[in-house]
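Protein chains in written order, with my numbering: chain B, 1 to 102; chain S, 1 to 102; chain C, 1 to 102.
Wrong hints could be hidden among the right ones.
Below, computed lysine-lysine pairings styled on DSS-like, alpha-carbon distance capped at 30 Å [claimed, not checked]:
no., chain 1, residue 1, chain 2, residue 2
1, S, K25, B, K97
2, C, K25, S, K17
3, C, K17, C, K97
4, B, K25, B, K97
5, C, K97, B, K25
6, S, K25, S, K97
7, B, K17, C, K2
8, C, K2, B, K97
9, B, K97, B, K2
10, B, K2, B, K25
11, C, K25, S, K97
12, S, K2, S, K97
13, B, K97, S, K97
14, B, K25, C, K2
15, B, K2, S, K17
16, C, K97, C, K2
Derived from the structure by calculation, the hints contain no laboratory data.
Here's the letter readout for the chains.
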Amino acid sequence: MKTVLAKVTIVSERLLKDELIALVKEAGATGFTLAAVEGEGSRGVRAGDWEGRNIMLETLVSPETADAILATLNERYLENFAVVAWVTEVSVVRGEKFLGQA
Amino acid sequence: MKTVLAKVTIVSERLLKDELIALVKEAGATGFTLAAVEGEGSRGVRAGDWEGRNIMLETLVSPETADAILATLNERYLENFAVVAWVTEVSVVRGEKFLGQA
Amino acid sequence: MKTVLAKVTIVSERLLKDELIALVKEAGATGFTLAAVEGEGSRGVRAGDWEGRNIMLETLVSPETADAILATLNERYLENFAVVAWVTEVSVVRGEKFLGQA
């Protein structure tokens with residue numbers, strides 16, 4: 001019933017929202033979740049007064065698709081933008097459907 | 001000081017909120033966290049204009065309770081609702097208390 | 001490209017926000033993410049009407065820094081406050097920068 005997948009989490013400024021959604025979809029993600037968050041980091045992501053200035057985007061994908069997403073993020077964003085990304089191993093119910101476009 | 005537990009994450013339409021809270025409590029969860037999220041998926045969960053139309057419910061439980069929650073979700077929701085669920089292994093401080101009703 | 005790090009997640013009443021931010025920074029965290037959440041737990045964290053009464057604070061740190069954060073939380077908060085904390089192992093892109101002040 002469970003499939004081991006990679007959950008990719010990306011935290012960034014909100015202005016990158018549409019670009020990042022396009023990026024994960026092009027890499028093969030079949031869906032995603034977005035939350036409004038605040039934050040503070042070494043590259044200037046600031047903690048505001050709870051306006052949800054940043055986004056946290058999460059998507060469940062195959063380990064290969066996760067690597068592809070991270071490589072593209074690394075190439076395009078991590079040097080010059082306040083973007084942080086990580087991967088968590090998770091067990092997903094009926095996870096096969098997330099592999100469809102991998 | 002740390003106990004390895006299962007964190008169950010459920011993303012769904014908000015209208016299922018009360019049902020899902022009841023489901024995890026009946027399975028033995030002693031607490032939960034809820035966040036308002038947006039999303040898009042293969043079953044029609046749509047990304048809106050940040051109204052937080054969906055929920056992300058998280059609960060820390062024993063691996064056995066996690067399996068019971070996933071089985072019930074699979075049986076009742078995953079076929080016909082825009083529900084996604086996964087389990088992450090986590091190390092919890094003073095985690096014993098989360099096993100109380102397992 | 002990826003570094004295995006510890007993601008520490010702390011859920012608490014909002015009134016502890018500044019104290020908890022100070023705590024993780026003093027332990028060596030170089031950044032953090034905050035989200036407004038609701039919740040219910042054994043120590044009285046209540047599920048409200050979506051006012052985001054609680055916070056979820058997350059920070060990516062070395063395993064050693066994670067242990068230091070958890071020990072301090074355990075000492076100062078876990079007995080008497082509605083605070084829950086856990087650690088998840090994650091793979092972070094360009095994760096070295098999170099180890100800077102560890």
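Verification of the hints:
| no. | hint | verdict |
| --- | --- | --- |
| 1 | K25/S - K97/B | holds (28 Å) |
| 2 | K25/C - K17/S | violated (35 Å) |
| 3 | K17/C - K97/C | holds (24 Å) |
| 4 | K25/B - K97/B | holds (14 Å) |
| 5 | K97/C - K25/B | holds (28 Å) |
| 6 | K25/S - K97/S | holds (14 Å) |
| 7 | K17/B - K2/C | holds (23 Å) |
| 8 | K2/C - K97/B | holds (26 Å) |
| 9 | K97/B - K2/B | holds (11 Å) |
| 10 | K2/B - K25/B | holds (23 Å) |
| 11 | K25/C - K97/S | holds (28 Å) |
| 12 | K2/S - K97/S | holds (11 Å) |
| 13 | K97/B - K97/S | violated (35 Å) |
| 14 | K25/B - K2/C | holds (22 Å) |
| 15 | K2/B - K17/S | holds (23 Å) |
| 16 | K97/C - K2/C | holds (11 Å) |
Going down the numbered hints, you'll see the structure goes against 2, 13, while the others check out.
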